[in-house]
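Protein chains: 2
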Amino acid sequence: MLGRCAARALGALRGLREGAPPARSPGPSRRLLSSEKVSEKDHSLPKPCWSKDMRLLFDQFMKKCEDGSWIHLPSYEEIATQRSQDFPTFIHAYFPTASELINQEKLSQGRLFTRSFEDGLGFEYVMFYNDAEKRIVCVFQGGPHLQGMPGFFHGGAIATMIDATVGMNAIVSGGIVMTANLNINFKRPIPLCSVVLINSQLDKIEGRKLLVSCNVQSVDEKILYTEATSLFVKLNPEKECDVKELVLNSAPPA
Amino acid sequence: MLGRCAARALGALRGLREGAPPARSPGPSRRLLSSEKVSEKDHSLPKPCWSKDMRLLFDQFMKKCEDGSWIHLPSYEEIATQRSQDFPTFIHAYFPTASELINQEKLSQGRLFTRSFEDGLGFEYVMFYNDAEKRIVCVFQGGPHLQGMPGFFHGGAIATMIDATVGMNAIVSGGIVMTANLNINFKRPIPLCSVVLINSQLDKIEGRKLLVSCNVQSVDEKILYTEATSLFVKLNPEKECDVKELVLNSAPPA
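Chains as they are written, first to last, in the UniProt record's numbering: chain A, 1 to 254; chain B, 1 to 254.
Careful: at least some of the hints might be erroneous.
Identical chains blur together in the list; that is why a pair holds if it fits in one copy or across any two.
Straight-line distance between alpha carbons at most 27 Å, and here's what the computed BS3-like set of lysine-lysine pairs gives [unchecked claim]:
| # | residue 1 | residue 2 |
| --- | --- | --- |
| 1 | K134 | K106 |
| 2 | K187 | K234 |
| 3 | K106 | K47 |
| 4 | K41 | K187 |
| 5 | K63 | K234 |
| 6 | K106 | K222 |
| 7 | K63 | K222 |
| 8 | K134 | K234 |
| 9 | K106 | K204 |
| 10 | K187 | K204 |
| 11 | K106 | K41 |
| 12 | K204 | K52 |
| 13 | K106 | K209 |
| 14 | K64 | K106 |
| 15 | K63 | K209 |
| 16 | K52 | K106 |
| 17 | K222 | K187 |
| 18 | K64 | K41 |
| 19 | K106 | K187 |
| 20 | K209 | K52 |
| 21 | K209 | K41 |
| 22 | K47 | K204 |
| 23 | K187 | K64 |
Think of the hints as simulated: they come from the structure by calculation, not from any bench. Bear in mind that the values here come from a model prediction, so they are computed numbers and not experimental data.
Extracted from the complex, chain A is given alone in its bound form (with noise of 0.2 Å):
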């Protein structure tokens, strides 16, 4: 079962990077999530646009959450942290030196990168997290509109789910996190609108340094597509600490 420092985890995040509700958000970190306008819409259950293969895998990892060993996570589209009247207080709080920087009017519209394609052209995946293991995995499905050389994905969008899927691995042990390092092998291109699989992995905590590495593979598993390694550094509010002098301070991965 998920623990209760993971459950906090995930309720920071999912108002960071996937914009929960604030209805299913409720402890430490309610805070932060209170707003009255998010959207209520999980992309990460079924929808028409899914294929037979994304379906059948979604099937298969629900399976596995009936004995609470995995746990599927929801995603939503909107960030509830930044409707908030909280908002100001977390940017200054976390990065003291940007908060200046910060578009109020363009923040408005701000919308999870991830979540901003209608279904089916971009990005559809759903994540699920076993606590024991530490392990997340991704089934991703990505539209015709994440095209690099015609007929593949693009390296960026790989890149994207790449950093999305080792991402909510780091915040889920770490808390509010932010990458320094992400260092990506790609071994075969994917062919366009492909279902695949992304494993990810905590390897190690070391103070404030998270490292989460991963793969992507074919749904067979057969077809290793990618490889990557990622460093994640701990913010820490409390010290109204800067980013900057965090993040610089960190070697990446060996």
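Following the hints, put chain B in place on chain A, whose structure we already have.
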């Protein structure tokens, strides 16, 4: 001035990454670029959604283009190659093992990832190339739909523009290439809707490998946001090579 080789590479590049209309892409790569229904809109020219900083930098670089030392790179939203009758030949030549995995129906909806947003909401950018120095500068204005942490760009959006810029630099130097490694150090979060400069530099060519580095800075060049290195591998259609073999045998940059 741009040499003939680089001009050919640019022709291929336009078809592969930026979707140039055939009228602007004569020469050796013409056959792959033939298409009847490609958009003529050049997204690298000023639009109403561009900010003052973006326009100012565009004007400064266009001024530098007057003596031929810098070249403005056009950018189109549709991929010409995939609509061509030659596309199956292209895929079979460059990606023989992947051709059967490509969904032809979905491919017809394919759209370049970095040009798949409505004006002003996603990636607005223009690139300039300096052939003598093997450099590309990308002026990038990110829209509100590229959000990660509230108030900041998603790491994946930054990775995408880095991949697009270093990839362009590799293509103008090496022809048709594929990203093999991307290693990104995120030093500071970038406020949502900022304009930034992405400076890329071809560092080395070793056989089929091209090493390209880059950084992401504020427009006044006072803030260093991100640094990255990348490895690209040239593809060789004459040998009907398997991209897997090529890329699997490529070590990441030291």
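Structure-based check of each hint:
1. K134 to K106: neither (36 Å within a copy, 35 Å between copies)
2. K187 to K234: between (30 Å within a copy, 14 Å between copies)
3. K106 to K47: between (30 Å within a copy, 17 Å between copies)
4. K41 to K187: Cα proximity of K41 and K187: none, with 35 Å in one copy and 34 Å across.
5. K63 to K234: neither (33 Å within a copy, 44 Å between copies)
6. K106 to K222: Classified as between: cross-chain Cα gap 23 Å, same-chain 44 Å, threshold 27 Å.
7. K63 to K222: For K63 and K222, only the intra-copy Cα distance (23 Å) is at most 27 Å; the inter-copy one is 52 Å.
8. K134 to K234: Within one copy only: 17 Å inside, 38 Å across.
9. K106 to K204: Neither: 37 Å inside a chain and 40 Å across chains, both beyond 27 Å.
10. K187 to K204: Close inside one copy (25 Å) and across copies (21 Å); limit 27 Å.
11. K106 to K41: Both. Shortest intra-copy (23 Å) and inter-copy (26 Å) distances satisfy the 27 Å Cα cut-off.
12. K204 to K52: Neither, since 36 Å and 45 Å both go past 27 Å.
13. K106 to K209: neither (31 Å within a copy, 41 Å between copies)
14. K64 to K106: So K64 and K106 fail the 27 Å test inside a copy (41 Å) and across (31 Å) alike.
15. K63 to K209: neither (33 Å within a copy, 45 Å between copies)
16. K52 to K106: Result: close only across copies, 15 Å inter versus 38 Å intra.
17. K222 to K187: within (13 Å within a copy, 36 Å between copies)
18. K64 to K41: within (23 Å within a copy, 49 Å between copies)
19. K106 to K187: between (38 Å within a copy, 23 Å between copies)
20. K209 to K52: neither (39 Å within a copy, 38 Å between copies)
21. K209 to K41: Neither. Shortest intra-copy (33 Å) and inter-copy (45 Å) distances fail the 27 Å Cα cut-off.
22. K47 to K204: neither (36 Å within a copy, 46 Å between copies)
23. K187 to K64: neither (30 Å within a copy, 38 Å between copies)
Violation of the numbered hints given earlier is confined to hints 1, 4, 5, 9, 12, 13, 14, 15, 20, 21, 22 and 23; the remaining hints are satisfied by the structure.
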